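Peer 1: The whole structure should be built from the sequences, with the hints applied where relevant.
The listed protein sequences derive, respectively, from chains U and P.
The opening residue of the first sequence carries number 1 in the working numbering; numbering runs sequentially from there.
The opening residue of the second sequence carries number 1001 in the working numbering; numbering runs sequentially from there.
Derived by calculation from the structure, the hints in this document are not laboratory data.
Here the structure is a predicted model, which is why all the values come from computation and not from measurement.
Careful: at least some of the hints might be erroneous.
Going by beta-carbon spacing under 10 Å, a handful of chain U positions derived as facing chain P [as the list claims (entries may be wrong)]:
no.: 1; residue: 121
no.: 2; residue: 125
no.: 3; residue: 126
no.: 4; residue: 154
no.: 5; residue: 172
no.: 6; residue: 176
no.: 7; residue: 179
no.: 8; residue: 209
no.: 9; residue: 212
no.: 10; residue: 214
no.: 11; residue: 279
no.: 12; residue: 304
no.: 13; residue: 308
no.: 14; residue: 355
no.: 15; residue: 357
For lysine-lysine, the following DSSO-like pairs were computed, each having C-alpha atoms within a straight-line distance of at most 30 Å [said to hold, decoys possible]:
no.: 16; chain 1: U; residue 1: 92; chain 2: U; residue 2: 341
no.: 17; chain 1: U; residue 1: 361; chain 2: U; residue 2: 72
no.: 18; chain 1: P; residue 1: 1319; chain 2: U; residue 2: 125
no.: 19; chain 1: U; residue 1: 361; chain 2: U; residue 2: 219
no.: 20; chain 1: U; residue 1: 70; chain 2: U; residue 2: 306
no.: 21; chain 1: U; residue 1: 206; chain 2: U; residue 2: 277
no.: 22; chain 1: U; residue 1: 277; chain 2: U; residue 2: 314
no.: 23; chain 1: U; residue 1: 173; chain 2: U; residue 2: 324
no.: 24; chain 1: U; residue 1: 173; chain 2: P; residue 2: 1234
no.: 25; chain 1: P; residue 1: 1319; chain 2: U; residue 2: 219
no.: 26; chain 1: P; residue 1: 1234; chain 2: U; residue 2: 209
no.: 27; chain 1: P; residue 1: 1319; chain 2: U; residue 2: 174
no.: 28; chain 1: U; residue 1: 324; chain 2: U; residue 2: 70
no.: 29; chain 1: U; residue 1: 283; chain 2: U; residue 2: 361
no.: 30; chain 1: U; residue 1: 206; chain 2: P; residue 2: 1234
no.: 31; chain 1: U; residue 1: 70; chain 2: U; residue 2: 118
no.: 32; chain 1: U; residue 1: 72; chain 2: U; residue 2: 92
no.: 33; chain 1: U; residue 1: 219; chain 2: U; residue 2: 264
Glycine included, C-beta positions come from ideal geometry on N, C-alpha and C.
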Amino acid sequence: MGERLRVDLDAMFRKWAGTVSRVRKKKSGYVPNNRKGFWVMKQLALGILSAAALGVFATAASAGTLEDVKAKGFLQCGVNTGLAGFSAPNDKGDWTGLDVDFCRAVAAAVFGDGTKVKFTGLSAKDRFTALQSGEVDILSRNTTWTVNRDTALGLNFAGVTYYDGQGFMINAKKLPGVNSALQLSGAAVCVQAGTTTELNLADYFKANKMEYNPVVFEKFEEANAAYDAGRCDAYTTDQSGLYAVRLQMSAPDDHVVLPEIISKEPLGPSVRQGDDKWFDIVKWTYYALLNTEEAGVTQANVDEMKNSDNPDIKRLLGTEAETKIGTDLGLSNDWVVNIVKATGNYGEIFERNVGTGSPLKISRGINALWTKGGLQYGMPIR
Amino acid sequence: MIYDPRVRGIVFQIILVALLAAGIWWIVDNTIENLRRSNITTGFAFLRGRAGFDISDRLIEYSSDSSYGRALIVGVLNTAAVAAAGIVTATILGFLVGVGRLSNNWLIRKLATAYVELFRNIPPLLVILFWYQGVLALLPSVRDSVSLPLGSYLNNRGFYLPRFVWEPGSWLIFAGFVVGLALSWYLARRARMRQMATGQQFPVLLTSIALVVGLPLLGFLAAGMPVSVDFPQKGTFNLTGGMNVKPEFLSLYLALSFYTAAFIAEIVRAGIMGVPRGQTEAYSALGLRSNLGLRLVVIPQAMRIIIPPLTSQYLNLTKNSSLAVAIGYPDLYAIGGTILNQTGQAIEVVVIFMVVYLSISILTSLLMNWFNTKMALKER
Ligand SMILES: N[C@@H](CCC(=O)N[C@@H](CS)C(=O)NCC(=O)O)C(=O)O
Chain U
1 MGERLRVDLD AMFRKWAGTV SRVRKKKSGY VPNNRKGFWV MKQLALGILS
51 AAALGVFATA ASAGTLEDVK AKGFLQCGVN TGLAGFSAPN DKGDWTGLDV
101 DFCRAVAAAV FGDGTKVKFT GLSAKDRFTA LQSGEVDILS RNTTWTVNRD
151 TALGLNFAGV TYYDGQGFMI NAKKLPGVNS ALQLSGAAVC VQAGTTTELN
201 LADYFKANKM EYNPVVFEKF EEANAAYDAG RCDAYTTDQS GLYAVRLQMS
251 APDDHVVLPE IISKEPLGPS VRQGDDKWFD IVKWTYYALL NTEEAGVTQA
301 NVDEMKNSDN PDIKRLLGTE AETKIGTDLG LSNDWVVNIV KATGNYGEIF
351 ERNVGTGSPL KISRGINALW TKGGLQYGMP IR
Chain P
1001 MIYDPRVRGI VFQIILVALL AAGIWWIVDN TIENLRRSNI TTGFAFLRGR
1051 AGFDISDRLI EYSSDSSYGR ALIVGVLNTA AVAAAGIVTA TILGFLVGVG
1101 RLSNNWLIRK LATAYVELFR NIPPLLVILF WYQGVLALLP SVRDSVSLPL
1151 GSYLNNRGFY LPRFVWEPGS WLIFAGFVVG LALSWYLARR ARMRQMATGQ
1201 QFPVLLTSIA LVVGLPLLGF LAAGMPVSVD FPQKGTFNLT GGMNVKPEFL
1251 SLYLALSFYT AAFIAEIVRA GIMGVPRGQT EAYSALGLRS NLGLRLVVIP
1301 QAMRIIIPPL TSQYLNLTKN SSLAVAIGYP DLYAIGGTIL NQTGQAIEVV
1351 VIFMVVYLSI SILTSLLMNW FNTKMALKER
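Peer 2: Okay, structure coming up:
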């Protein structure tokens, strides 16, 4: 946004300055030699207008997010600009990925139609401003849940859609002797700005009394390109991201991910603080995805399951007599059915985007359901 | 009375002011309300918090334990450093190319024109990426560093130079340098006064060089040679020791210099062409040789045309330095953005951006204005 704005401002200013100097010339008959006044004015104009850019914060206070979304007719979802498995446009230009599917699930819960969603690609650095300012209704962009973001940045995290941790990748061909992150003292490390990654990196090297040389990029592609070109010895980000980055290298097989995991990175969707109703909808969409997996409800069998006699499944799918669960949330009573029809349950979303059905081939690991020894645990829908 | 233009003017102005005030009030009120609702605090207290991230290019002491405020200062200094270096190089290059465009030599003239046309028509961001990805990234890796004279190296991690280590007693060297500068300045003044009065010339340049080089050398010897040199050496990953000019700085600096030089060249050409031909004929008629005539007659007049637009090029260069984010040079804009991301203090950080860029601009303008008045035509 900053860049676009500055360009416009410059054009505007040139126009304005042109008028002013034309007028001045006419009056005095010469081109003023001393143009300090101009510059000061230009800077002031720029300043005032960029303050106006902050108008994003000044948009009129809205009703609830749910009402706004319904009135708009679609959900605006902030996602990654291109991280394979989580959110990336495919060759047809459609967004795909775990984070993308989560937004589709929310759209299905709200509208009964998982296609009523528009995506905004956000860089790591801009993502929170986009949510705070109302540019997006939900942020689903491999974002780590931390106390700072939950409090000082005014977000509310609805759950953890992917339990991750930070790791390192190196080019084993160029650095054959390195097989542990603890051997990286003195290395140049490529990292992306505005991430927890950047902070964990500083802490890890400090804790292990090692020197390093951070090369910090704002954009993902820039960081990847610089690492691929040999500007850095190591690349660091969330492990899931490392596998995605490796696929984009010119010779993916040369790169290895080192065994150390240096942090906890619970990634999940978040909404603005202060709108409990909307927060509830996003949170329970997440639990619905987990509970349907646990109950064995899938995209393929959901219509059949509606006839089930099992009280748990009846309650989950809203076929219980006099059910109020959906309407209490501000949704329709078949909201869970709509979700599963749009995206499948959590397990299906996982396998399709990052699991065995995807190029990333990540195993469920700690992201398995609690019943299978993992951490995913859906609160009861009752 | 409604038709009285003065009354109407006043009424319109009052309406305008009222609308403006209402608009500002609406913005401020909404902002405060929205910030309060999302629980974001305001104020500059966050500057004292621990930054937590590292910065590789820094001119002052800094670590992840330093405060956000200090991180911002690192950014301001980095912006200032690249802008200052860029301004110097762009000016020199711009003058050379500008004069080249007026050269009698066909080849030089065409080369200079091609340079201007090329760089003036490419967006500065592309010039930066050209240097970063197109030139510096293609340099050999650390293992195959190109060794240059004097123990320096060039590789895809930048330029490695030996570094002087100043030991106690080194102050004598700096003192010698300062005294040398002061003496040269005084000498130049005296020589000019003498030439005005008597017409006798004095070899100012040679004497000044002798003073500025000789006195520090004397200090060096007198203090017992208190300087050692730290040469870059091969470490496990990178070269260690010495001084490292990183590719991020280099490409930004080169791109800004080359890009802005194209505009400066045009300003210089316009300035020289703006001096009437009669002036050239006049100094020839007085029997001045052409390079002396250029120096004493044409350039001083051209400078008066050149300086004002030159100022705006300097300011453009400074602002363009914020394109550094594209290649990971930690300038004010990049560091401020990271702080904004971590603290959510958008308004405060943008205010800091505005104040800093405005101050740099005003400072540059003031300096150039002072220079301009010095160069201005003195009517005697
Ligand atoms: N989980 C971390 C890191 C998230 C992050 O931005 N990761 C990078 C590296 S995998 C990324 O997704 N970049 C993609 C982009 O900016 O387009 C956080 O929340 O701060």
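Peer 1: Which of the numbered hints above does this structure break?
Peer 2: 1, 5, 6, 7, 8, 11, 12, 13, 14, 15, 17, 21, 23, 27
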